[in-house]
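My numbering applies: residue 589 is where the sequence shown begins, and numbers increase by one.
Heads up, some of the hints might be wrong.
Computed list of lysine to any residue pairs in SDA-like fashion (alpha-carbon distance at most 20 Å, straight line) [to be verified]:
1. K660 / E627
2. K639 / G694
3. K639 / S595
4. K782 / T793
5. K660 / A674
6. K660 / V683
7. K639 / K660
8. K630 / S602
9. K697 / A674
10. K639 / N657
11. K630 / E615
12. K639 / F691
13. K660 / D687
14. K749 / R708
15. K641 / S602
16. K697 / V752
17. K641 / F658
18. K639 / H650
19. K660 / F691
20. K639 / H695
21. K749 / G787
22. K641 / H686
23. K697 / H686
24. K749 / W794
25. K641 / T597
26. K749 / F785
27. K749 / H786
None of these hints come from the bench; they were simulated from the model.
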Amino acid sequence: MTEAAFSFTRLQLSPYNTNSYLLMCQETRESLVIDAPGEAEKILRHLEGTKPKYILMTHSHHDHVLALNFLKRRLGVPVACHPDDAGELPLEPDVELHDSQLFTLGHMKVRVLHTPGHTRGSCCFLAENHLFSGDTLFPGGPGWTASPEDLRVLLDSLARKVFVLPDDTEVHPGHGEGTTLGYERGRYSAFASKPLFHGLCGNVTWDSV
């Protein structure tokens, strides 16, 4: 499949300015939703003329799930979430996400990367050279972590699952604008070469050490 046959839309949705992504196979018009942060009617409007198949959840935090019940009722499609986060959703998911799992969307494949750290069940989704990273990776640093151990887990996820991808991989995070792995890799490498400060966690950037 050529990249031109795959399209996606980013919706920055209230009340937390959280991103939702709508992916579509151009030939079959089969689509899926990544995250359901709010403004469900706006998501539904952008899905008009497509054939929704799934709602994929990057993780279970409140600001990513506010529209989930409504979208599930209206679309009637399976909701997929990693089992480590499933218990925090406002509904029971239909499908468990697992590392390297593939979802078929028309003529394209979407691969699951389990990237714990921000939450235990956090996942990224790889479609062609586009990585939908949820709150795992942002321009300038990793996602928020609750403890130093969580930060170590997240950095390990990035090293083993994300920074092994090509430099031209485009990163589309759960909030704000995107970046590329090539740009982030250099800054990450400098960060990873230094010892972590004792107790470092929270909103960490590549300039934090």
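Against the structure, the hints come out as follows:
1. K660 / E627: Holds, at about 14 Å.
2. K639 / G694: Holds, at about 10 Å.
3. K639 / S595: 14 Å, holds
4. K782 / T793: Since the Cα atoms of K782 and T793 sit roughly 13 Å apart, the hinted pair holds (cutoff 20 Å).
5. K660 / A674: Holds. K660 to A674 sits at ~15 Å (cutoff 20 Å).
6. K660 / V683: 13 Å, holds
7. K639 / K660: 14 Å, holds
8. K630 / S602: With a Cα-Cα distance of about 10 Å, the restraint between K630 and S602 holds, given a limit of 20 Å.
9. K697 / A674: 23 Å, violated
10. K639 / N657: 19 Å, holds
11. K630 / E615: 23 Å, violated
12. K639 / F691: Answer holds: K639 to F691 is near 15 Å, not above 20 Å.
13. K660 / D687: 24 Å, violated
14. K749 / R708: Holds: K749 and R708 sit about 15 Å apart, inside 20 Å.
15. K641 / S602: 24 Å, violated
16. K697 / V752: 19 Å, holds
17. K641 / F658: Answer holds: K641 to F658 is near 16 Å, not above 20 Å.
18. K639 / H650: Violated: K639 and H650 sit about 27 Å apart, past 20 Å.
19. K660 / F691: The hint holds at about 18 Å.
20. K639 / H695: At roughly 13 Å apart (the allowed maximum being 20 Å), H695 and K639 satisfy the hint.
21. K749 / G787: Measuring from Cα to Cα gives roughly 24 Å; hence the hint is violated.
22. K641 / H686: It holds: about 18 Å lies between the C-alpha atoms, which stays within 20 Å.
23. K697 / H686: 15 Å, holds
24. K749 / W794: Roughly 18 Å separates the two Cα atoms, so the pair holds.
25. K641 / T597: 16 Å, holds
26. K749 / F785: 24 Å, violated
27. K749 / H786: The given pair, whose Cα atoms are some 25 Å apart, is violated under the 20 Å limit.
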